[in-house]
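Novice: Following the hints, position chains G, W and U against chain C.
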Amino acid sequence: MSNLLEICGVTKVFGGLTAVDNVSFDVRRGSIVGLIGPNGAGKTTVFNLITGNYRCDRGEIVFDGQLLSRLPPHKIVYLGIARTFQTIRLFQNMSVLENVLAGRHCRMKAGLLASMLHLPSERKEEREALKFALHELEFVGLREHAAQRASSLSYGNQRLLEIARALASEPRLLILDEPAGGMNEQETEELMALIKKLQSRGLTIILIEHDMNLVMQACEHLVVLEYGRKIAEGPPEEIQNNPKVIEAYLGVD
Amino acid sequence: MNRRMWGIIAFVAAMAAVPFCLNPYQVDVFNNIGLYALLALSLNIILGDAGMYNMGHAAFYAVGAYTAAFLNTQLGIGILWTLPISGILAGLVGLVLARPVIHLRGDYLLIVTVGVGEIVRIALINNVFGVTGGPNGIFGIARPVFFGFKIAKPHEFFFLIWGFVALTVLLFSSLKNSRFGRALDYLREDHVAAEGSGIDTARYQLLAFMLGAAWAGMAGCLYASKMSIISPESFNFWESVVIFIIVILGGSGNIAGVILGAFLIVGLPELFREFKAFSQARMWFFGLAMMIMMVFRTEGILPPRPRVFKDIDRNVS
Amino acid sequence: MGMKRMLLWGCALMCTVLGMGTAWAAEPIRIGLMAPVTGAWASEGEEMRNIVNLLAEELNAQGGLLGRKIEVVLEDDGGDPRTASLAAQRLATQGIVAVVGTYGSSVTEASQSIYDEASILQIATGSTSIRLSEKNLKYFFRTCPRDDDQGRVAAQTIQKMGFKKVAILHDNTSYAKGLADESQALLKKSGIKVVFFDALTPGERDFTAILTKMKSADPEVIFFTGYYPELGLILRQKKEINWTIPVVGGDATNNPDLVKIAGKDAAEGYYFVSPPIPKDLPYEKTRAFLKNYGDKYNGAVPGSIWAVLAGDAFLSITDAIKATESTDVNKMAQYLHKSEHKTSGLTGEIGFNAKGDRVGDVYRVYRVDAAGAFILQEQ
Amino acid sequence: MEEFFQQLTNGLAVGGIYALIALGYTMVYGVLKLINFAHGDLFALGAYLGLTLLTSLGLNSRVGPLAGLALLVVFVTGLVALAGALLERAAYRPLRQSPRLSAVVSALGASIFIQNTIMLIYGSKIHVYPKGILPAVAVNIFGLQVPLVRILVFVVSLLLMAALFAFIQKTRLGTAIRAVAIDQDAARLMGINVDQVIMIVFLIGPGLGGVAGLLVGLYYGQVNFTMGWIYGLKAFTAAILGGIGNIPGAMLGGLILGVIEALGAAYVSVAWKDAIAFLVLIVILIARPKGLLGERVADKI
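Same order as they appear, the protein sequences are chains C, G, W and U. When we follow the working numbering, the leftmost residue of the first sequence carries the number 1, and every step to the right adds one. When we follow the working numbering, the leftmost residue of the second sequence carries the number 1, and every step to the right adds one. When we follow the working numbering, the leftmost residue of the third sequence carries the number 1, and every step to the right adds one. When we follow the working numbering, the leftmost residue of the fourth sequence carries the number 1, and every step to the right adds one.
This is chain C alone, in the form it adopts within the complex:
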């Protein structure tokens, strides 16, 4: 099976508004897929359907041969899909390191009793989790900020921290919702390098991004949404010249 994720005819309705309308696309193992479209096209809703934050009204989502449809978000993380949020959702009052440990949680085992009694197995696990978390912080370049409060980080670094938190759960599929939002040019460059590095680690990535430069360079496959419908799909160079896409973007911008 070459597809890690298959989205088949997914629909989501809020009240009377159809936010996602019969959308289907596949994500190949090891690829970087971009989900683009004007504001309000339903991109984030698709993400929320994949991660289990919303439930599909129709259609199904299959991850590595497993149906995701009715699973709660934390189970989906456990299966290997991790995400970042469009509006940054860090644990602002906690340290950078603790934020990363949150992602590590689902790979740990210590229960209530082991935690209360600090059993040797629990201590060992804690040490290893700490090591792992620091490693991921190193990877995104936030190692020296580990003891700071998350709220004290710059906007761009907060986005990186969200990625580190997602990585700590050892995902196979990484879902990035506007990772370059609020970043300056240099930071965006570095982000692009980071995304490429992630791919070389064997991760599959889906991202929503408005920075077309980044999208065109990083992604090998694009899916375009408008008013909740998929209007085009294909490699970047093809999408760039697709008349429907051009119209959709010009019509809005």
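Each hint should be verified, as a subset may be incorrect.
Below, a list of computed lysine-lysine pairs in the DSS-like style, where the Cα atoms sit at most 27 Å apart [said to hold, decoys possible]:
1. W:Lys291 with W:Lys260
2. W:Lys135 with G:Lys153
3. U:Lys125 with W:Lys279
Short, incomplete list of chain C residues facing chain G, as computed with Cβ under 10 Å [as the list claims (entries may be wrong)]:
4. Gln92
5. Ala110
6. Met116
Just so you know, the hints here were simulated from the structure itself, not pulled from any lab data. Virtual Cβ for every residue (Gly too), placed ideally from N, Cα, C.
Specialist: Just chains G, W and U now, with coordinates in the frame of chain C:
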């Protein structure tokens, strides 16, 4: 050794001196403080750590106390042996009651817990299942016997109660610095992000509720053994409110703060006993003091401090 | 300030202030008084305090006992069991030989074992719950009658009036429920039907739902065992819906405020069972005392019989000290338990049986007249 | 059947009072998201102030019964509203930016404080209102004897609810209140004086509570210093039942709570009625987590 450690040692030393320096009444005041500290520590898991508004904690306290009293008076089980049973039963009751309502947010959960507390109290008054003794409650609970040593006098209870407080503090503070404790922090800070990071928030909420309820149940068992008579009026809504106040005023989420809160809320009104002229205005001052303390220490007197990861590298190696 | 230091500081402060209570000289004979000076029953507690203080003053004016003065040590039980157990602990540390009090049964119960373990003689004053004296406590007595006495008198009264169907309403307090249960059993035994038996919630104001429900059960009389604030509202709301059923109540409704709450027209014809109210006590000694009481406390008259019974408890203790010429608790208890001993008290002769309960009939029947006065009925 | 309708009217009459108190509760909550536990005690304060105006100051005998009643309402409302605004300034405003539960504890402190202030001034004994201010006649509605006062209380609650609803929905100030309720910062940016709006809400909410206290005093004729606690809890329950922050919801919640209590007492057990009421509340909240009229909003992610 830092100042914090010295502080803890000094506090423990001062507390250890209490039963040897004070008269039975004064020791009994400390016993009451200890019981409330236990209750507040248990509520702190639910309210302070997991961020679930619970204003019906007296219900679980009551379940524990009545379990112990029933087992002791009807089946003759030693009251200390009933301690774990009280805890388990109160925890299970907490689990069953919380299960359908755990998804409610904030104030809606608050009124539901108030309702649960009232339902439990009314059930006790109405002698539900014929085992609670109605408004009279249950009396004639035997004194606890600890390895052949009968505990009856206030200073004997002091060691039992504060020993249990010490054990609770040890267990709960190590819980705080663990996977479990962090999970509660995450879900209190941002429910959606916690779930999205792979934490089973519903499960942790239920576990926290169960743990808090179980500990309140054990406090109830100690209360029953100390009073030797229990009745529904000891577990009314006001009781839940007092425990709630102790947690928030002392410093929600901070173990030292919660214990300090118990000293203030339970101990201060006793101090007013000394000033007979003020005895009528005792609660008036109390209400005023509550407002003033909240206004000047808006996060409680001792708010929780962030975890320190100073020696990260040493921890790793 | 570090948080631990703050904790310590508070702890030290508390110890110092608490410690002040112990530095006393032990010259006079000290008698404890545990009374609800604050809380819901504060007015009861205040009268208890006034009466006991006055009696002690009178005794001291005559030279005290065994050549020593009497000192009354008051502790507030707040009308609540937990406060009461603290108050008892506190009294137990202050060198008292005996204690008077207290009012509520559950409150007294919380203190019983503490006094017993400290070997202090206790005479309760308003605690009528049966089981208090069923525990074989050597040093426990009470000057008030028990609920079964009251239940018996109430059942007899209802029977004498010729009613066949009764609605019983209590308020789920320990006292009211006990009285309701007791009377229900007796009434059923004598062939009277109990067509309604339920509890209201104390502190509420609207009892129309209960009245409507009761009415559909079609009783001939209502027997209410709760307290006067709720009864006043019930009488009033009963009149509002033009329901003319007679009502009989227990001694917790014996309070002049009842008529104020209900209104004279709604209260007229209400019967209640109670020990005699202070002004109806037919003893010379009592009249003289009530006059002194009025002189001392701005013309007030004690409204509550329970407070007068606190006076009787005090008199029993001082009598025991005088008769045994000692403050030894065993001697005193032995003396009081003796059936031939009789103390002349404010509510007549006081004697105790082996359980420590007061012997003799105390209950009377009262009726509220058109002017709102409580009229003692012929037996 | 007649008993059923009799119980229904009993329930509606009690519910009308719950609703009246719940209106003030829900209004304050709607704007500040604060459970104002002192609301019940402000209600009790209204009852006591009315008592003083009637007895010590003899308001009624000086200006005649009807004008006296009108003046009474005005004075009590005004004084309690003032107390409410003072309370907001002293005990709640400093806590507006702090954790929500801190304000709740401050409110609990205020509740104890007000309750004991009343106790210190008036004593712990029960006080009784003078009789005969409201007419004590019953009217016949479809064969049911209903005291006129009960109808009056019910109508007053309904009218106040309607007036409040119209005020919030139709007036400029009402719009400002709604804006502050939704987003204080945005409202401030739009040029709304947020402090002033909150102050006004704290005049209206407690003012309504004061009127309710006066009505309860006049109708039941008996006040004691702890009365606010029980009524406050009932009103809070009613407000939550209807969907807290929602004005018609408070009215609906109050009436439903009153009816549940009456029917629970009638057909199950008087002693269990409060437990039944809470049970129904819990069941309703499980089905509708934001109360009967509370709007459902999906979590924004």
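Novice: Each hint needs a verdict: does it hold in this structure or not?
Specialist: Okay, the hints, checked on the actual structure:
1. W:Lys291 with W:Lys260: holds (25 Å)
2. W:Lys135 with G:Lys153: holds (20 Å)
3. U:Lys125 with W:Lys279: The hint holds at about 21 Å.
4. Gln92: holds (7 Å)
5. Ala110: holds (5 Å)
6. Met116: Hint on methionine 116 of chain C: holds, closest Cβ of chain G at ~5 Å, below 10 Å.
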